[in-house]
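Residue numbers (this note's numbering), protein chains in the order written: chain A, 1 to 515; chain B, 516 to 847.
Among the hints, erroneous ones may be present.
On the chain A side, residues computed to face chain B include the following (Cβ under 8 Å) [to be verified]: (1) Ser100; (2) Val102; (3) Glu109; (4) Ile120; (5) Val124.
Note that these hints are calculated values from the structure, not bench results.
Where is the CB? At the ideal position from N, CA and C, for every residue including glycine.
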Amino acid sequence: MSAEGVVAQRSPSVVLEVRGLVKAYPGVTALDGVDLEVRQNEVLGLAGENGAGKSTLLKTLVGLVRPDAGEIYVRGQRVRLRNVVDAANHGIGMVFQEQSLVPNLTAAENIVLGCEGPAIRRGVYRWATMRALAQEQLDKIGSTIDPLARTDSLTFAERQMVEIAKVLRIEQRTHNSPVIILDEPTSVLEPSEIETLFEQVRRLREFASVIFVSHRLDEVLDVCDRVYVLRGGQSVGEVRPADAVAGDLHRMMIGSESHEDHYHGSAVTRDETPRERLTVRGLAGAAFRDVDLDVHAGEIVAVVGVHGSGREELCKALFGAVATTAGEVTLDGERLDLTGPRAACAAGVGYVPAERKVEGMVGPMSVADNMTLAKQRVGCAGPVIVPKRQNDIVDKWISRLSIRTPGRRTAIQRLSGGNQQKVILARWLVGGDVRLLLLDHPTRGLDVGARSEVYRLMRELAGTGVATLLLADSLEEAIGMADRVVVMSDGRIVAEVPCPPDRKPSPLDLVKEMV
Amino acid sequence: MAPLVDTRPARSRLRRGVSVRDAGPPIALLVIVVVLSLLSPQFRTTGNALNILDAAAVLAVVTCGTTFVLLLGSIDLSAAGVMGASSLVVAVLVENSRNNLDLGILGILIAVVLAAALGCVSGLLVVLLKVPSFMTTLGVSAIGLGIATLVFDGVQPGVVDPSLRSWATGRLLGLTYLTWIAVVCVLIAWFVQRYTRLGRYAMAIGGAEEVLALSGVRVGPYKVAVFTMAGAFYGLGAVMVTSQLGSGLVQSGASYTFASITAAVVGGTLLVGGRGGVLHSTVGVLLLTVLTNGLVLIGVSPYVQGGVQGLIVVVAVAVAAAPLRHRNQVVK
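With the sequences and hints as input, model every part of the structure.
Structure (structure tokens):
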């Protein structure tokens, strides 16, 4: 996989160049020597799986993240970007995925925010000037948004236009053409809006360079002049859309080697006749609809899909944490109450959320408290906690899951990520009544060793008959762990792929359904 | 490059945040006025209307200050203490019954500057030490009461200064001077909110502080300025109360902390920050004042009034926050 034949001699048309960028976080290397160059008036695509280092790279380019090593050159000049303003002064601006506009100000104020220039004189607004300045920016992208409209009255697509107009203000700071970074700009747009955005991107190319990042590979190929593929924090190749299809790109993103660590098949033999545990019929919510899904006792079903496919929301909805509008869900034949997490807990549903530190645990509380958080009755006689009984139960699970902690009274935030995750899993096991586990990215941010322990645990639990719905961190993880993979796209289930230990599909088989 | 013509029709929109929700408090005010007018002949007299405006004056000025702090998404509990300090200071600096000082307008200015300085302290504590505003302002309130008690020194200073006394009694075009001061303050505050960087950034801080920071704006100085300005409004409010009472009292501002926050929230300046504004809050002030006035006139026992007002406030806040509710919301 060495398509990086073209080593750039610093040609004058190169506006932005990155050499050997390294950024390591505890336990994970996000960037591992990335090289990249952006040329004048081109749309450069960045493709890569979750965790390939795309967002870290982008954040580095706008000064939000400081690299541990490596250099960034703007027009041949080495620069150090300490913050967003620094980056703007060098002509680099980013349209953020999660939209960075002040909702309760007008579009015009957002566009000029921080460099109002003549629009504010001695602290006093001159609305007419501000409006004109904003209009000038909006005209550049041909937008007809009223500059004095309040930002929160605009649609998502319109707000994106405002952001692009805002980013283009950096032209005022540099006299060169800017580099505009678009981070997942299409993820929340309707198809017609996407087309408008693409026109916009092509227009930007007339006077700027664009870095375009998207999960949807066909889009990347459609709008970009060149595409870099990132994998494991490195640029593994460069593709020209003219001679590539989405499949090629994806093959480069995944790489040839598969990580064997979670491919150790089923640890247990299952009943020949599977018992229905979870059945979902026609479930609909804000982000998904018409979802039919079955999970048998002892089965692990992985749900895969790109960002915005609705799988996260589906997972939360099954726990009652997100409202549903229609549909029927049963657990072992009984109707499952989706009105709230409390009902789900009581019915024996366990949920491990993706945001471990925020949603998964109460950091300063002890291992024991975190473990008994959902099942307050554990180790109690009536309303009274019997310390001895509770401690015994907690200690039992600490040793059974081999949680490495100084003791049950240690604050959970002092443990490593993998051990924290095991405590959170144990939370659903202490009650002894868990029938369905919803695992939302259970291995996110864990190192290899911790990951394989979580995998082993998942298999063990499945062996005891627990049904598991898994939102995996990567396709390999989904394929390796699951007995069946369900593909979601735009809020619907579009495919179901069996995944028995002896006949695993390849990630590409799934990608075909996802894009 | 020729700008491409965007084919989508330009949508006409309600500009500058006039929404249905903004119309709620004014409509409520109107309904209450109509109902009270029907219930009580005394209520619907011109004289009573002027009384209401006079009674609302001090609260309106104080609420101007509170509003900006709420717009930041912070809270200010210092009005009571700051007003106590300013009230005592102004009472001993103008011509008074306790000493021979007669600084006149300068005395008033000093009282207002002292209040602004106390506000500035609150702001600095919030920004530099990153202590939550409810704690710093509560502390500053205690400091203010301490200063007031110190100046009070066991002997109540009576205001003799005729011009300050005339604030409460003099009338222009039927309205008391206090009312006119309040009107001017509301207009100034509205101007600041609408037409100055300070006011708009206060809005933006409440709306999305991190975005402002990402746009290269140093947020801290604006926060300090907002707290300072709020203090100045409390100081002026204290001078007005002192004029009404005819003497400097430690407790002169005691009721205003709660009343001003209540008025702001009832008017639509929500505690989440970035919503509402000076005009909203002023409607809230009128709502509360009309209610107090009307309940007396229709003969509701004064013992019940406090409870009735509290109930109205809680309901109003719940209604205002209703559209923002969602499942598993964390409320602290």
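Status of the hints after comparison with the structure:
1. Ser100: 5 Å, holds
2. Val102: 4 Å, holds
3. Glu109: For glutamate 109 (chain A), the interface hint holds, since the closest Cβ of chain B sits about 6 Å away, which is under 8 Å.
4. Ile120: 5 Å, holds
5. Val124: Status holds, d = 5 Å.
The structure is consistent with each of the numbered hints, conforming to all of them.
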